[in-house]
Amino acid sequence: NAGVIQTPRHKVTGKGQEATLWCEPISGHSAVFWYRQTIVQGLEFLTYFRNQAPIDDSGMPKERFSAQMPNQSHSTLKIQSTQPQDSAVYLCASSPPGRNSDYTFGSGTRLLVI
Amino acid sequence: AQKVTQTQTSISVMEKTTVTMDCVYETRDSSYFLFWYKQTASGEIVFLIRQDSYKKENATEGHYSLNFQKPKSSIGLIITATQIEDSAVYFCAMRENTEGADRLTFGKGTQLIIQP
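First to last, the sequence lines map onto chains A and B. Each residue of the first sequence is one higher than the one before, counting from 110 in the working numbering. Each residue of the second sequence is one higher than the one before, counting from 11 in the working numbering.
For reference, chain A alone in the conformation it holds in the complex (with noise of 0.2 Å):
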């Protein structure tokens, strides 16, 4: 079991370009939630699939950001024209069924906007 896989480990990109994360959760876990963590805010919910469907976008910043699951073994966050703001770790967990399960976070893709 490799853990949940996040690509690319570093990202930098031009304000204003397109940014794309992937994500590979546990075989068999069934929910897959992103995170975003800075300093100043710390870890904050931005989206979670459960059985690849959305459920909660609620953190999503609306006008830019996107969040697919097309199937099981991978997720995508998309954030178009990116802005310095937008700079941060960008964290992936999966968990199995059931609300007392723990969450397993990939290594995170630190997001670099100049």
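Derived from the structure by calculation, the hints contain no laboratory data. Be careful, since some hints might not be right.
[Unchecked claim] Each computed DSS-like pair below joins lysine-lysine, with the alpha-carbon atoms no more than 27 Å apart:
1) B:K66 - B:K13
2) B:K80 - B:K118
3) B:K82 - B:K13
4) A:K187 - B:K118
5) A:K171 - B:K118
6) B:K118 - A:K120
7) A:K120 - A:K187
8) A:K171 - A:K120
9) B:K82 - B:K66
10) B:K13 - A:K171
11) B:K65 - B:K118
12) B:K65 - B:K80
Here the structure of chain A is known, so what remains is to put chain B in place on it, guided by the hints.
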């Protein structure tokens, strides 16, 4: 809405001592789950221990244990016999036990420094 607060920004203790990190939470639900995670210097976040709100016994896992005080909405993490490698940022998190409430809400974290 649920909220998790960790008031201690940073704690420094000597190796082999016991340390307690505080966490208080807010929820309208009578049933919920509380978690503690550790983030190492490399950025890796790992699950440490969980407390189910309906259980009166404090959870324990290795040299981690919890001090669950439900009337005070408090869930403290206790680490005994601390080691240098326990130096990390510790996050408290909560999940309500209601349909659709799968996401965890995290506190801002407490940095623990273990001195030799």
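Hints and how they fare:
1. B:K66 - B:K13: holds, 22 Å
2. B:K80 - B:K118: holds, 21 Å
3. B:K82 - B:K13: Holds. K82 of chain B to K13 of chain B sits at ~14 Å (cutoff 27 Å).
4. A:K187 - B:K118: holds, 25 Å
5. A:K171 - B:K118: holds, 24 Å
6. B:K118 - A:K120: Status holds; Cα separation ~25 Å.
7. A:K120 - A:K187: holds, 13 Å
8. A:K171 - A:K120: Given that 27 Å is the threshold and the Cα spacing comes to 22 Å, the pair holds.
9. B:K82 - B:K66: Holds: K82 of chain B and K66 of chain B sit about 14 Å apart, inside 27 Å.
10. B:K13 - A:K171: holds, 23 Å
11. B:K65 - B:K118: holds, 25 Å
12. B:K65 - B:K80: Roughly 10 Å separates the two Cα atoms, so the pair holds.
Figure legend: structure checked against the earlier numbered hints; every hint is met.
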